[in-house]
Amino acid sequence: MSTAETKPPKATPPPKATPPENKEPPVPAFEKSYIDQITNHFSDDIEIEYIKENRTKLNVKKEKIIDIAKFIKDNTPFDHAESVTGVDFPEEKEIGVTYHLGSYTDDTYSKQVLALATRVPREESPNPGNDSTKLPSLRDMFYSVEFHEREVFEMLGVYFEGHPDNRRLLLPEDWADLPPLRKDFKNKGR
Amino acid sequence: MTEVIPTKQMPPGLQVENVDDRIMTLNVGPQHPGSGHMRIIVKIDGDYIVSADPDPGYVHRGEEKMAESRNYITNIPHLERPVIHDSCNILYPYVLGVEELVGIEVPERAKYVRVIAAELNRCIYIQYWLAIYGIFLGHSTMFMWPAGDRELLIDLMEKITGARVTHAYFIPGGVRNDVPSNFEDVCLRQVNYFEKRIKEYADIFYDNPILKARTEDTGVLSREDAIRLGTTGSVLRASGVDYDLRIKEPYDVYDELDVHTNVLKAGDSYARSKVPWLDMLESCNIIRQALEKMPKSGSVRTKLKPNPKGGEGEVYRRVESGRGSAGCHIISKSKPEPYRLKLSVSSFRNLIALPYLLKGEKLGNMPAVYWSLNYWPVEADR
Amino acid sequence: MLKELVTPQNANVFVGKLGDILYKAVDQPLGMAINWGRMWSLWPVHIETACCSVEFGAASSPRYDVERFGIIEAFGSLRQCDLVVVQGTITRKMAPRLRLVYDQMPEPKYVIAMGACAITGGLYFDSYNVLPGIDGILPVDVYVPGCPPRPETLIQGCMLLQEKIKRMKAR
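Chains A, B and C supply the protein sequences, listed in that same order.
Read in order, the letters of the first sequence are residues 1 to 190 in this note's numbering.
Read in order, the letters of the second sequence are residues 191 to 572 in this note's numbering.
Read in order, the letters of the third sequence are residues 573 to 743 in this note's numbering.
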């Protein structure tokens, strides 16, 4: 499973079969080495989306994200999460959540950003917290995701199980509309 | 302990809580001289803070949603509004990201101009932050000095870009216009004078025993916790972690310049307030080096197609802004507009340290700890 | 002669007329004095709502020094303030708080809408969380355009407000 596709990278994860290795441009060796370390351990559950210079992205299943995050935390120098991006994909009826992990402690890893992406099912009429749009929280491994996950919860309606307070953070208290970053929520006049 | 039973279902955020006669809840902000545009719900026992719960979002303007309906060029003005006094640095990751997506090269001279503008903007931001920190601590002179001195650099930026604070100067492919003809001399003179001025702050502010008494050993963030909480920028460097993206992941021409970071070990409010000041001195050095190495003539802008399309893919770029790492995650689907744009800003990342640091502090130390986090609420809310 | 003029039947009318004359004599100078006092000591509330507060801060800085026009630097207590400078975007979360701040202030009180966002919504005209101007929640006296307005523009707006106060009927 140590294959890698490079340019052009796909924003949406391809179906199961990863294409054979592209010859151009060459896969950076250092990035490939630590990705291999992770993929060798979880061969079936990880899909490499791209390995570019300093930037790598892994697509993982949502059931396994806790184990993989634990493994990354324990065995690689990635020690904090920089940001959590939630993306809505209405055509595929899924919501993508991407964690960007970085490292402060290790000098060789300080350039690297490892993106850990997963997908959760999306429902047409969201009921945040009570529908199937749920994801285990990574707060135990990467403490810094606390506020980012709260933001994703209110902006896209992804409930994080195991998070101590899934509360509103930025939106007004009386917000009763759809989560605003879903694609079916439109700004006025757009 | 008496319990108040709510008569009806209250909307979230307005729940009636259990009332304890010992613990008092205090709302600091949004109308409070020591809060900025946010609310901190503080629970106090006597004079000591038991817990603090930040409630941001008073300036949440939906920038990320707006970006999805505007094309890559028209996104520029509103994406710099989160930090108008650091507008070059907050725009930097977006511009770098769009350049990577569209695939254009930037002329050499434009890279140097960008670095100079970014460093000038960093100084302008830190001066404003320092002025507010002074007034938070009741030190009026420290409001007047930086607020007056930053006008020097604002004049300089006004000469380049034509606007006082909202420059919209960086565009994908370079910068909007070239610098004026005598810019190098004026810039060097202003920066030298500026450096002389800010060195005097040590006498009145940083060596001031009253300031030291108020800020030393308050809100101590250890090295391990700074890493665990994912803080960034001056907060991280004040806790002894040597991490500066200008060195670790050099963008544009930072790898050709001699950049040093300033790392302090203490991790208290005093160290956090001193690191930005040292950064300003370092910025003056960088500007002088860049002025020397800058190509004297040449293009500053690669022309883009009128409505550039991003291609299929995603990009995550980060730069070191005045507050810390500023990141931009753009997902593109071959349209003129980004499919999703996420700003990973340092103020939002540093906010997580606030409840952690305030726990156990005295209420009077709250402004000293809060503003030392190099926090700008408008940026955190986006 | 006065005795003939003032009879018990028309005494009330006479006293009323005298009152009118006195009121007319005193009203104008007194009103001018009151307005003079009000216009040179405007105390803005310390409420920052968005990024225009940077330029509001710059207006208090040594170069612009708005204090020489009688606009005193932003102050903490609402009960002693008589001016709200709405410094930029009002979001849906901030709007009730802004109205609460305004309601708690004593009369007379004036409002300056600073920046394009406070006037019409500005750049954020299509955002889901931003009010299209503050006219719906506060009565605005002076609009200061710009994004953000330069400190000079803000100072001019304050001077226009002073001009307005000068011509107001003091109550």
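Possibly wrong hints are sitting among the right ones.
[As the list claims (entries may be wrong)] Listed below are the simulated DSBU-like cross-link pairs for lysine-lysine, each with C-alpha atoms no more than 30 Å apart in a straight line:
| no. | chain 1 | residue 1 | chain 2 | residue 2 |
| --- | --- | --- | --- | --- |
| 1 | B | Lys549 | A | Lys52 |
| 2 | A | Lys93 | B | Lys493 |
| 3 | A | Lys134 | A | Lys93 |
| 4 | A | Lys52 | B | Lys493 |
[What the hints assert, rightly or not] A few chain B residues facing chain A, derived, Cβ under 7 Å:
| no. | residue |
| --- | --- |
| 5 | Gly247 |
| 6 | His250 |
| 7 | Ile417 |
| 8 | Leu419 |
| 9 | Tyr433 |
| 10 | Lys438 |
| 11 | Lys483 |
| 12 | Ile542 |
| 13 | Pro545 |
These aren't lab readings, by the way, just hints derived from the structure by calculation.
Every residue gets a Cβ at the ideal spot worked out from N, C-alpha and C, and that includes glycine.
Notebook entry, point to check: Per the CB criterion, is B:His250 less than 7 Å away from chain A?
Noted result: 4 Å, holds
Item checked: Restraint check, 7 Å cut-off on beta carbons, for B:Tyr433 near chain A -> Cβ of B:Tyr433 sits 5 Å from chain A, so the hint holds.
Next item on the list: Report holds or violated for the interface hint on B:Lys483, using the least CB-CB distance to chain A and a cut-off of 7 Å.
Entry: The hint is violated - B:Lys483 has no Cβ within 7 Å of chain A, the shortest such distance being about 23 Å.
Notebook entry, point to check: Would the stated hint for B:Ile417 survive a check requiring a Cβ distance to chain A of less than 7 Å?
Noted result: Since the shortest Cβ distance to chain A is 5 Å, the answer is holds.
Next item on the list: Quickly compare the C-alpha distance for A:Lys134 and A:Lys93 to 30 Å and report which way the hint goes.
Entry: 14 Å, holds
Note to self: So if I understand the rule, the pair passes when the alpha-carbon distance is 30 Å or less; does A:Lys93 with B:Lys493 pass?
What the structure shows: Violated, because 39 Å separates the two Cα atoms, which is more than 30 Å.
Check: Hey, does the B:Gly247 contact hint survive, CB to chain A under 7 Å?
Finding: 4 Å, holds
Checklist line | Distance restraint between A:Lys52 and B:Lys493, which requires alpha-carbon spacing of 30 Å or less | finding: 27 Å, holds
Checklist line | Interface hint for B:Lys438, Cβ within 7 Å of any Cβ on chain A | finding: Result: holds, 4 Å to nearest chain A Cβ.
Next item on the list: Identify whether the interface hint at B:Ile542 stands, where standing means a beta carbon of chain A within less than 7 Å of its own.
Entry: 5 Å, holds
Check: Once the shortest beta carbon distance from B:Pro545 to chain A is found, is it less than 7 Å?
Finding: Because about 10 Å separates B:Pro545 from the closest Cβ in chain A, which is outside the 7 Å limit, the hint is violated.
Checklist line | 30 Å Cα cutoff - pair B:Lys549, A:Lys52 | finding: 42 Å, violated
When each numbered hint is compared with the structure, violations occur for hints 1, 2, 11, 13.
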